[in-house]
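If you're matching them up, the sequences are chains A and B in order.
Just so we're aligned, residue 1 is where the first sequence starts under my numbering, counting upward by one.
Just so we're aligned, residue 1 is where the second sequence starts under my numbering, counting upward by one.
Source of the hints: derived by calculation from the structure; they are not laboratory data.
There could be a bad hint or two in this list.
Claimed, not checked - Listed next, with one range per pair, are the computed distances between beta-carbon atoms:
(1) B:Q105 / A:E68: 45 to 51 Å
(2) A:A156 / B:P28: 23 to 29 Å
(3) A:V29 / B:Q173: 21 to 27 Å
(4) B:T170 / A:P28: 23 to 29 Å
(5) B:G149 / A:E97: 42 to 48 Å
(6) B:D32 / A:I137: 31 to 37 Å
(7) A:S169 / B:R44: 36 to 42 Å
(8) B:V183 / A:G45: 18 to 24 Å
(9) B:E101 / A:G149: 36 to 42 Å
Unchecked claim - Stretch-level coverage of chain B by chain A, calculated; a stretch enters the list once three of its residues show a Cβ under 8 Å from a Cβ in chain A:
(10) 92-99
(11) 112-120
(12) 125-131
Quick reminder that beta carbons are idealized off the backbone N, C-alpha and C, glycines included.
Here is how the chains run, residue by residue.
2 protein chains.
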Amino acid sequence: TFVTSTSISGQTMVIDGGMPGSSDGRLPVYADAARNLGAVIAKRGFGLVYGGASVGLMNEVAEGALTEDGEVIGILPEWLESWEVAHRGLTELRIVESMHERKAQMAALADTFVVLPGGIGSLEECFEIWTWSQLSIHQKSIGLLNVDGYYDQLEAFLDHTVNEGFLRSTHRQLLLSESDPQVLLDALLAQTVPSAGKWEQT
Amino acid sequence: TFVTSTSISGQTMVIDGGMPGSSDGRLPVYADAARNLGAVIAKRGFGLVYGGASVGLMNEVAEGALTEDGEVIGILPEWLESWEVAHRGLTELRIVESMHERKAQMAALADTFVVLPGGIGSLEECFEIWTWSQLSIHQKSIGLLNVDGYYDQLEAFLDHTVNEGFLRSTHRQLLLSESDPQVLLDALLAQTVPSAGKWEQT
Ligand SMILES: [Mg+2]
Chain A
1 TFVTSTSISG QTMVIDGGMP GSSDGRLPVY ADAARNLGAV IAKRGFGLVY
51 GGASVGLMNE VAEGALTEDG EVIGILPEWL ESWEVAHRGL TELRIVESMH
101 ERKAQMAALA DTFVVLPGGI GSLEECFEIW TWSQLSIHQK SIGLLNVDGY
151 YDQLEAFLDH TVNEGFLRST HRQLLLSESD PQVLLDALLA QTVPSAGKWE
201 QT
Chain B
1 TFVTSTSISG QTMVIDGGMP GSSDGRLPVY ADAARNLGAV IAKRGFGLVY
51 GGASVGLMNE VAEGALTEDG EVIGILPEWL ESWEVAHRGL TELRIVESMH
101 ERKAQMAALA DTFVVLPGGI GSLEECFEIW TWSQLSIHQK SIGLLNVDGY
151 YDQLEAFLDH TVNEGFLRST HRQLLLSESD PQVLLDALLA QTVPSAGKWE
201 QT
């Protein structure tokens with residue numbers, strides 16, 4: 001049985017983002033999109049929860065939100081603090097003991113998840129959070145910010161897993177994707193994630 | 001600094017695999033490949049560590065190994081035992097308390113990882129184990145069993161993440177891929193995973 005419910009409280013969002021090589025000529029495209037996303041989140045009245053660093057795309061999102069007077073909470077594990085230079089200008093910075101605790105706090109605070117372009121660390125988090133919604137551990141929406149078609153080939157592969165019988169199309173549809181941050185936010189807000197367990201649906 | 005070492009002891013392997021819909025006409029292609037992989041592993045003198053169920057592709061791998069008198073260890077969380085019917089014909093079946101403990105035991109026992117065609121649960125585990133090698137939490141090889149081009153589009157996407165500056169090509173190369181189980185095993189055995197940390201390499 002699917003129970004329809006809307007879990008967006010309008011308070012917080014989690015953003016995950018990779019750190020492209022600074023020498024990469026494509027960096028500005030992604031940095032601009034990340035900063036724009038942050039601004040859109042703040043203008044819409046959402047708070048932002050993210051990894052707490054002042055480097056990489058996630059920093060751009062934070063800066064975009066702060067520029068629009070958004071509330072931004074950063075959650076940083078202490079062992080990363082020296083490497084991932086903490087962002088000192090946030091509304092709140094929490095230093096936690098482990099990556100596990102960081103992920104748990106970010107997931108608990110967030111009402112919806114946006115995945116920026118990123119590397120395999122971002123993908124692992126995306127698939128973990130998506131798996132949790134498939135398992136009904138939470139009923140929060142999740143979407144890819146598909147900047148300049150970055151995730152097109154991943155999405156083609158995911159469609160293939162459905163065609164080959166490894167993923168139900170109802171689960172495939174839980175992962176949204178939009179190139180425009182405003183459109184993505186609207187889609188995430190409109191999304192209702194079923195609360196039925198994987199086992200019942202299989 | 002990269003330290004060259006071979007971590008394969010020839011004792012154990014972890015297999016992860018999805019559960020395609022039984023009504024799917026493509027199932028036999030994947031089931032045959034999974035069973036063949038199990039047989040190849042046993043004939044080569046490797047043990048097999050897997051999720052312990054008697055359903056899905058992972059069961060096919062176990063059956064393939066058992067047919068060739070291979071040693072097979074299954075690790076099953078107790079809350080899944082009723083659903084994922086435990087395989088009662090294994091060399092050893094361990095019932096553990098959580099998915100976390102299952103993953104930890106499988107990763108500790110294994111010397112190398114093979115990823116079967118699967119859904120988002122398999123992908124999450126693949127990316128997690130791959131991330132661990134990138135972070136030098138282990139130096140174990142990992143490879144996709146690319147049955148009938150199942151993972152081609154994922155690999156195209158991963159190459160794109162390198163081109164766009166989100167993944168170093170040295171890290172990209174840590175994820176092997178072969179369609180033939182024998183060739184994949186040879187490649188996994190030949191693979192040396194660097195022990196340098198992500199931070200030093202970035
Ligand atoms: Mg994980």
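Check each numbered hint from earlier against the structure, then list the numbers of those it violates in ascending order. 8, 10
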